[in-house]
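Peer 1: In case you want the letters, here they are:
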Amino acid sequence: MRFGVVRFPGSCDDVDALLACQRVPGASAQLLWHGDADLHGVEAVVIPGGFSYGDYLRVGAIARFSPVMESVIRFAEAGGLVLGICNGFQVLCEAGLLPGALLPNVNRRFICRQVNVEVVRARMPFSADMADGEVLSIPVKHTSGRYYAPAAVLESLEADGQIVLRYAHDANPNGSSNDIAGVTNAAGNVFGLMPHPEHAVEPLSGSVDGLKIFTSMAHAHG
Amino acid sequence: MTTRARVLVRPKAGILDPQGVAVERALPALGFEGVANVHVGRLIELDIDEPSQLPAICEKLLANPLIEDFEIVSEP
Amino acid sequence: MPTVEQAVALGLTPGEYELIVEKIGRQPNAVELAVFSLMWSEHCAYKHSKKLLRSLPTEGPRLALGPGENAGAVDVGDGWVVAFKVESHNHPSAVEPFQGAATGVGGILRDIFAIGARPIAILDSLRFGEPSSPRSRYLLDHAVGGIGHYGNSVGVPTIGGEVYFEGPYEQNCLVNAMALGLARADSLIRSAATGIGNALVLFGASTGRDGIGGASVLASAELGAGDDDKRPTVQVGDPFAEKKLLECSLELLERGLLVALQDLGAAGLSSSSAEMASKGEVGLDVDVARVPLREAGMEPWEIMVSESQERMLCVVEPSQLDELLAVCEKWEVDASAIGAVTDTRALRVFVGDEIVGEMPVPALVDDCPLYDLTVEPPAAGLYPAPPPVLVADASPQEVLLALIAAPNIASRLPLFEQYDSLVQSRTVRRPEQADAAVLALPETPRGIAVSIDGSGRRVACDPYTGAIEAVLECTANLACAGAEPLGLTNCLNFGNPEKPHIAWQLTEAIRGLGDACRAFDVPVVGGNVSLYNESSDGPIYPTPVVGIVGELPDVARAGRSGFTRAGDAVALAGPFAPSLPGSELAKLRGDELPAGLAQIDVAAVRTAQQAIRDAVRAGELSSAHDVAEGGLLVAVAESCLGGAIGATIEVGAGDELMQTLFGESLGSGFVVSGSQDALRRLGERVSLDILGTVGGESLVLTSSELLIDVTLDELRAAHGALAPLFA
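Residue numbers (my numbering), protein chains in the order written: chain D, 12 to 233; chain U, 40 to 115; chain C, 1181 to 1907.
Isolated chain D, as found in the complex (with noise of 0.2 Å):
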């Protein structure tokens, strides 16, 4: 498997991915730089944490109109695996790729947390070493993490089983609608997520829960 990790100028968790990916076995990862198209053939694309190009507008809004990202569109329309991280998820939702939008914290502001979530959804690409019903310790860490979507599409979402990952009980650190931490597309080959797993990936950071969504897509992929 060879992971692709976006890296924009404001990337800030670009190198933790790249890590995180590279503790897959049997993986490579390497660094995709914004201003370049190519994706030098890489077979999944990590879209990382950060704040791409300052998001002094809105989270993600200037990211998605990239050179970089209008190839990884192309990717994931033609089937291929692409997985955003907190500011990758909010690019991922400004660019169509996933339903709904992130918005500010009810509580208006920065939270880094370690907290439990829930898979809802196992066996699927982001999900293949999961079990349905099982608890991840992973960390948040964003002012802008608050899933939406109007209620006709949230309704879609649990009916088509996109939802895959769910804050545990009393654990929404952000007012998320339905609890709601990571969507999947339709198709399923798109999934964002405002927690870091690659803050989990480590036994010396207190877990390595992160280190199955990594794991899966490499299984997922075959």
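Think about it this way: if two alpha-carbon atoms lie no more than 20 Å apart in a straight line, the pair counts; the simulated SDA-like pairs of lysine to any residue are:
1. 99/U to 85/D
2. 1510/C to 46/D
3. 51/U to 155/D
4. 1510/C to 26/D
5. 1510/C to 45/D
6. 99/U to 107/D
7. 99/U to 69/D
8. 1510/C to 41/D
9. 1510/C to 73/D
10. 51/U to 165/D
11. 51/U to 107/D
12. 51/U to 69/D
13. 1231/C to 1545/C
14. 1510/C to 44/D
15. 51/U to 95/U
16. 99/U to 81/D
17. 99/U to 67/D
18. 1510/C to 78/D
19. 1510/C to 49/D
20. 1510/C to 50/D
21. 99/U to 73/D
Just so you know, these hints were derived from the structure itself, not from any lab.
Given the structure of chain D, go ahead and fit chains U and C onto it with the hints provided.
Peer 2: Showing chains U and C alone in chain D's frame:
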């Protein structure tokens, strides 16, 4: 001919606006009673040659129609 | 030509003005006077503190870069060095706390990457008035917001820090920011401009009128009094610009394109160019017409003194200029060659071909007069007694709950959760997991620990002993994490040193710092001084803030402050001799500050800290936590809360019970837990009293009778007292 334009972007009605709520809550403590429906948005000022492009600019970049409304105010 | 009155308005004395005239052989023009007034300011020249600072030890076996560069550094092995520095941003934060704190973080980060190190951590030391004051709550909220906004956005974790609330900071808050950076020892870059004919390149943000309000007496007629709004004093930070500047600078360094690198901080282009020229013993020509401006119509002196943020200055060989500009373009960082290195030994300012200022570099950098202080210990206390909030006959349980909820002791998580403590994937101990933050180093089991400390109230009681305590508290925190101190940075926040009582505080505190550093063999690698922190209410508490970086051989064994295992024994270790005067409990009771603290046997404390450190490193202890504000029982309660597990302890009865439970002596006592055998072994090296056992859902204390029985939930509720400040 350049036109000075202002774009007002505000949270869509019905979407929780924590900033607006925070302002609304703070006002009575400062002695300002009778203020309701506070919403905090953005003001974007720009000079534009083709004002007819403004709606598209707003929909594509300046606002996210899913969560925000926009209003264009042009000055000749 | 500006007058001597204008020079005085700029902060120079008439005598200093005369000296400038003598040094340049004529009256300075506006550009020259602006540059001199800043270079000879307290902030740049340290003219009231430099003589004292020379008494601090600056040599040590692990020193990699000592005072004088943008930041100091220590050797952490395998060819890696850790750079670090703490700096104040007090006055900007008092004016506009969000931007003041944000730009404080931005400035200290630039100091770190200016020497070629990648910033890897931020810590903050904050002081405000009591949270009962609306203004203090406002300052706290916005300063915390500003720190988070900048640090979180630039991708550097904020891994620790401290905050104290005391009345004397009400009108004069303190915002000190510390940053750490990681670099290969052989890739550090200096700021000395060298190579006659090399180009001087300014890169980063454009230059506006930020932060030049103080120099506005130099304004020419057309920008008069009515145009004050054109001279903002508040610098605005742009973390996205800083992020690009950081990555760009490090890539320039990696490609070997830089001869010298310097950040633009206080006094902007003036200070950075003069310092670069001074260190390289060269001259520099600067053409202000080639400086990219954000505002039209800026005068040459305005460009020279602007404090616009996110700018760097570098020297590059002419043959490599194009490649340098290309790297800047890749990172969308504006860059322009604004001058050249010369052999004139002068800083010459041009507007195109016209010379508008010429100043000898040694006069700017070395010739500012240094002043001796008139020192006089105060006959009576300088500070009013704090208002009482706790009755004198409160029971031990009432005292414990009051202390645990006191603003200086309550959980800092409501602040820390607003900072990204994880980015860069090095964080092994996050805030409140251990007494010091712990970071892993690359490609080795080793790591570093870092802490920042300084209780101004204790220093107000006794500047000499209080400053020693600041160092001991910091090294104690490191010891509990298992780390050995390698180097120290400090920020000395004091009132007006021209007042003899303040001069005495400063002199005594520096003497204490020096003695403590020598006793621990820890060099001072650099620091910062912030003076004149006074208001109509009087001076702030004298506040030397100490940041220490230490090393641990195996991060997997980094200590924890919370109890971890039911059945473990709990002990108090160390030469702990607590007393109540000057303590947090004394503050809650509204007691006057004592004139002096009990003397400390620093050598004995060092021995005890070594024993604790060794036990942590050997994996012998389940937890280690130093006894700090609030005394022994608060430390036990914090270890219960940290591990979410109770404890049952017993102390001897007697008249001194309250002193035993709540008395303080910072840095010398430790609450440890582990097996009976482990504690017995520790007891062979350090005085140690078994207190009781870890376990249960409550903290229970007996002393001939049951004194305290509180549940973890009650403790947790009290400890969360700061959370409502951020609701």
